[in-house]
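Q: Position chain B relative to chain A; hints supplied.
In the order they appear, the protein sequences are chains A and B. The first sequence begins at 2 in the working numbering and counts up by one. The second sequence begins at 9 in the working numbering and counts up by one.
These aren't lab readings, by the way, just hints derived from the structure by calculation. Backbone N, C-alpha and C fix where the C-beta goes; we use that ideal spot for every residue, glycine too. Just so you know, not all the hints are guaranteed correct.
What the hints assert, rightly or not - Have a look at the derived ranges for each label pair, beta carbon to beta carbon:
1. Pro315(A) x Asp180(B): 57 to 65 Å
2. Trp104(A) x Arg377(B): 18 to 26 Å
3. Ile112(A) x Asn272(B): 29 to 37 Å
4. Trp104(A) x Ala437(B): 26 to 34 Å
5. Trp104(A) x Asn272(B): 18 to 26 Å
6. His112(B) x Tyr298(A): 49 to 57 Å
7. Leu167(A) x Tyr154(B): 35 to 43 Å
8. Tyr298(A) x Glu297(B): 27 to 35 Å
9. Leu243(A) x Phe83(B): 44 to 52 Å
10. Gln281(B) x Gln105(A): 40 to 48 Å
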Amino acid sequence: MRTVSMAITSSAHPSRIIGSCGSDIADSVTMSCGTAPGRLELIATRCINGLIANELKPDSGSATFISGMRAFTRTLDPRCYQIVVLSLLLAYGVLALDFGIHWQNAAAIVITAQLVQFIGTRAAGLARFDPLSALITSLSLTLLLRTDVVVIAALAATIAIASKFLIRVHGKHVFNPANVALVTLMLLSDRAWVSSGQWGSAAISALALACLGFLVLTRAKRAETTLAFGLAYAMLLVGRALWLDDPLSIPLHQLQNGALLIFAFFMISDPKTSPNTAVGRVLFGALVAGIAFTIQYVLYEPHGPILALITCAPLVPLIDGRIRGNLYRWQHPAGTSAGEAKGVY
Amino acid sequence: MRILVTALAATITIAVSTTAQAFCGFYVARADTNLFNQASQVVLVRDGDRTVITMANDFQGDVEDFAVVVPVPTFIEREQINIADNALIEHLDAYTAPRLVEYHDGDPCARYDMMREMGASNAMPSSGAALQDSGRALGVTIEASYTIGEYDILILSAAESNGLIRWLNENDYRIPKGAKRVVDSYLRQDMRFFVAKVNLDEQSRLGYSRLRPLQVAYESNKFMLPIRLGTLNAKGKQELYVYALTRTGRVETTNYRTVKLPSNTEVPEFVQQEFGDFYRDMFARQTIEENQRAVFLEYAWDMAWCDPCAADPLSPDELRRLGVYWVDDQSTGRIASSRPQNVFVTRLHLRYDRTHFPEDLMFQETGDRQNYQGRYVIRHPWQGPTTCDATAYKTAVRERQEREARTLANLTGWDIDDIRNRIAFIGGAPPEPDEAPWWKRIWR
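Chain A with its partners taken away, still in its complex shape:
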């Protein structure tokens, strides 16, 4: 049975909804999803509404710059940051790193994702259409999926978004949308692949990616999964190097991988597919790291992290079932924005 848990959460925090991205224009959203410009305008409107609402807040208007910024970031839907950062990364990849992303693929992914999201919204009987999560998935897919067949690009977007509506347990979708699409297509087609080495290992860009990604995460308040994954993966790589008596430049090189950072900061951190509790998220992050390491450095197969995430995803409902003690904390985390609670689909 599908549930719209966002409605429950929203009503529990009415004060947070006002001013957060999208919630205040929910009614108009459902109707304005016909064309791409309409959607873009919508996203911009929703993010800007966050800004306007912030300015209207009496307690932040006279505060210092820092507290003002804090208030501002608290008000903004974290997904807006994600969209901005992913767009910047995409621009960097295309302009500076020559990723060879076909614009037709990007367009096919974005349009199909929104279309499937719209159909899914209607079919699930949701009150409003929410384009933000689907846009984030589109950007992730555009960044990671490589193919020279437009149909595969569109298929990726379809699988990603449809999986959110179709594969659900306890009101949450099981698989990270971009992850399930990538793995499915990599396994089914030899015309789709992931170029994990294309980010290069220049330390500076790795650092930049990490910082930008962390910015997104701090707003998402879901840093445990990423931190646990990153720490466990780094420890395993360093441990392997020590066991092999390899120079530490090797694990360092392995960690300075742009695709790994994008995975850690933008895929595994997905609040909708990670466990509800902090303990569960740490466990989950470490588990994904262990399996990713095994795939990559014991079985010597590429794309360890992406494959590990899809392997571990079905365990999330089990983890949530076993570790219930902290469930309450997730429903009322301090400083959680309404936007985080929304977008279950």
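A: Leaving out everything else, chain B in the frame of chain A:
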């Protein structure tokens, strides 16, 4: 003291330039691997887990001193090692080499529009028993030893690297500093080693003066090339060419960036005389620009054809000898096509050392079948008589020549004024220096 060559290293090839006509211009020159010193060449045939690797060695010296230690991802048996002909790799090198093509402008009066069209169309077992005994005492297991062609092959599996290293020392091989550590690491990753050394009797009997490439066929999910041992005994940076032959599409590295070299650019006419220098300097500059950590794509093409052809595509027979087992076998009586099918070739070129390439090269096959080649274009202006006012044409050519000069300077780092002086600008003198803004000349 013998010299141990612990690299996947290769022969320097001597290639002969040929001229062939093709749709995309006249092929005039190519940049062979012999442009670079210490160049190794490796052919990787990969299909699923099946791998055939062909290694050409650039060892130059007394073959008596020669031995190569090759790490392989899995245990191999005698039948899995073979000796190939140098000609195969030379042909593959010639077929995939970056190329220079030329166009001749037509009579501007007869076909005035041609220039614009062309501008737009720029898309373009021996002593084994004794060795075995000495090996056992040292804790190294010699799993097999035999003679193939002019090589004595020893397959080693040491419980620890001390055994292998001591065995090599005892046999008078000079071990590069740090080799023990790397050998130890490989052994812990379940990799095996084989040692190939030249059997002088066999060599003189067979009559080969140059060492032939070694081939190994194995099945392993590790799609990789061990380069770490090679970085130990090298003086400075090494050049490595990897030719991947696959069924599906282009091959790229998963742990280093794979970058396409700038291609399809117009360069001044005089580059024809020094295409080798041009390519070497361009490659050096691009390497620096990528922080010396990139693998460069020089060619990615369906083996069935080429355009323009720097050399003919390899025949099905040649491909089979390189290990491409899935191409039509003419000996089976099947009607083999005149062209090999379903083979995609990727040529990768990297300049590596331990600092910038600390880890072995890991590869993956992608679904990308887009053709790419290193192609550079020269265009000869019309030199014949004109029967009309060709001022506009001449102006356009001068602009083009200036553009080509700047492109060349950007690609190679050569001095722009030297380049301009070497260009036969139509209408005489090069463009006035003040055509370029003054600030462009300050920090060059």
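Q: Against each hint, give a clear statement of whether it holds in the structure.
A: Hints, verified against the model:
no., hint, in the structure
1, Pro315(A) x Asp180(B): 57 to 65 Å, "holds (59 Å)"
2, Trp104(A) x Arg377(B): 18 to 26 Å, "holds (19 Å)"
3, Ile112(A) x Asn272(B): 29 to 37 Å, "holds (31 Å)"
4, Trp104(A) x Ala437(B): 26 to 34 Å, "violated (44 Å)"
5, Trp104(A) x Asn272(B): 18 to 26 Å, "holds (20 Å)"
6, His112(B) x Tyr298(A): 49 to 57 Å, "holds (56 Å)"
7, Leu167(A) x Tyr154(B): 35 to 43 Å, "violated (59 Å)"
8, Tyr298(A) x Glu297(B): 27 to 35 Å, "holds (31 Å)"
9, Leu243(A) x Phe83(B): 44 to 52 Å, "violated (26 Å)"
10, Gln281(B) x Gln105(A): 40 to 48 Å, "holds (42 Å)"
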